[in-house]
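A.B. asks: Listed here are the chains, written in short residue letters.
Number of protein chains: 2
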Amino acid sequence: MLTRVSVADYAAELASGKPAPGGGSAAGLAGALGAALGEMVANFTVGRQQYADGEQEVRAALERLTELRAALLALTDSDAQVYPRVRAAYRLPKDTEEQKMQRSGAIQDACRAAAEVPGQIVLRCCETLEQLPVLLEKGNPNLLSDVGVAAKLALAGAHCAWLNVEINLAVLTDRQFAAQVRSEMAAKLQAAEDVTQQLWEATVKQICK
Amino acid sequence: MLTRVSVADYAAELASGKPAPGGGSAAGLAGALGAALGEMVANFTVGRQQYADGEQEVRAALERLTELRAALLALTDSDAQVYPRVRAAYRLPKDTEEQKMQRSGAIQDACRAAAEVPGQIVLRCCETLEQLPVLLEKGNPNLLSDVGVAAKLALAGAHCAWLNVEINLAVLTDRQFAAQVRSEMAAKLQAAEDVTQQLWEATVKQICK
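Protein chains in written order, with the numbering used here: chain A, 1 to 209; chain B, 1 to 209.
Here chain A stands alone, though its shape is the one from the complex:
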């Protein structure tokens, strides 16, 4: 598993002339780092007398963020596995009509899977962002900057994964599926951008006052 190699080796794999891991996998990791920073803020909040007021909500956010970190790390791995299938499909023989049809079918299947994995990354990054406002409001204020950083990284993960969804949707002949994925993502991304802007502005205002 790719997330079991060292951070330095993962970056070297990303840099190398291998088709995977690439941008989709890196997007998953950026999202996982965002979720992890949210957890850090929550871990410096729960169980402390002075933040007892928000205990329940922060604890709920912590639990969800831990699940999201695990999901995003798993997707960091999965994305590196689906992309080579797209390449393999394009390299299938296309000498006869039958081969051409088989190749087309394989490309459609592989691109659909290669859209679904970054699609999941988009959604998990957006869910990560949904957990952050309560940390800004009721979390330990000494970790304010980590809320801002968590938001920026989760949004970057969402945007980067979105681009990888679009590349693969562009190939699909199932336009209804493509339209459905696009519409689901658009609403979530808009909400994610709005939350990030609010969190970032509040963080910067407080830090640069």
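If you're looking for bench data, these hints aren't it; they were derived computationally from the structure. All clues given are correct.
Taking lysine to aspartate or glutamate and the DMTMM-like style, the derived pairs with C-alpha atoms no more than 25 Å apart in a straight line are:
no., chain 1, residue 1, chain 2, residue 2
1, A, K188, A, E57
2, A, K209, B, E116
3, A, K209, B, E184
4, B, K18, A, E55
5, A, K209, B, E193
6, B, K18, A, E137
7, B, K205, A, E184
8, A, K188, A, D77
9, A, K188, A, E201
10, A, K209, B, D174
11, A, K188, A, E130
12, B, K138, A, E166
13, B, K18, B, E116
14, B, K188, B, E57
15, B, K205, A, E166
Over 12 Å on every C-beta distance to chain B, these chain A residues come out as not near it, computed from the model:
no., residue
16, E57
17, P84
18, A88
19, P93
20, E97
21, K100
22, M101
23, Q120
24, E130
25, P133
26, R175
27, F177
28, Q180
29, A191
Glycine included, every Cβ here is placed at the ideal spot set by N, Cα and C.
Please build the complex by placing chain B on the supplied structure of chain A, with the hints as guidance.
C.D. replies: For chain B alone, coordinates are given in the frame of chain A:
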């Protein structure tokens, strides 16, 4: 070294209730991922006949991006080392006037170091962005989305590190130093935002056409 632990363990360390690694370190890693993706694009370009036109420029970008990835990974480590010094300084005794003075001096020294490390991350992320336009122009167009992702991650790294610089600058009594760092960062960040917007728009336009 923190970058020698696994990706999953690094994320778990970030999430934990330990003071470091935190947002500054994660910013360095986001930047390193951006540099790595730029290298990937270059590695799929150099030595190929059809991209011979841009060979020299892309090769130069590749070399610089490899240095930047190494520098950003080293800073991912360093940031986790400087922050605990800030905490330690704040915990020094302050019972006597002499202790108070010693503590103040230690806080100033620690915060200056804790501003300098993310300051380096800001600059290295901005330099990473400077290497990307040539990859969009002369790189392998099959990796177009990776240029866009590289830009988003490098800019997120720069913004997140900047926030960590500001936190520490706010504590410094050496206002001249703080003003100098701020002015250097502001110009670089503005340029980085402009480059990212251009790269992102060009990437999205091409992919969603």
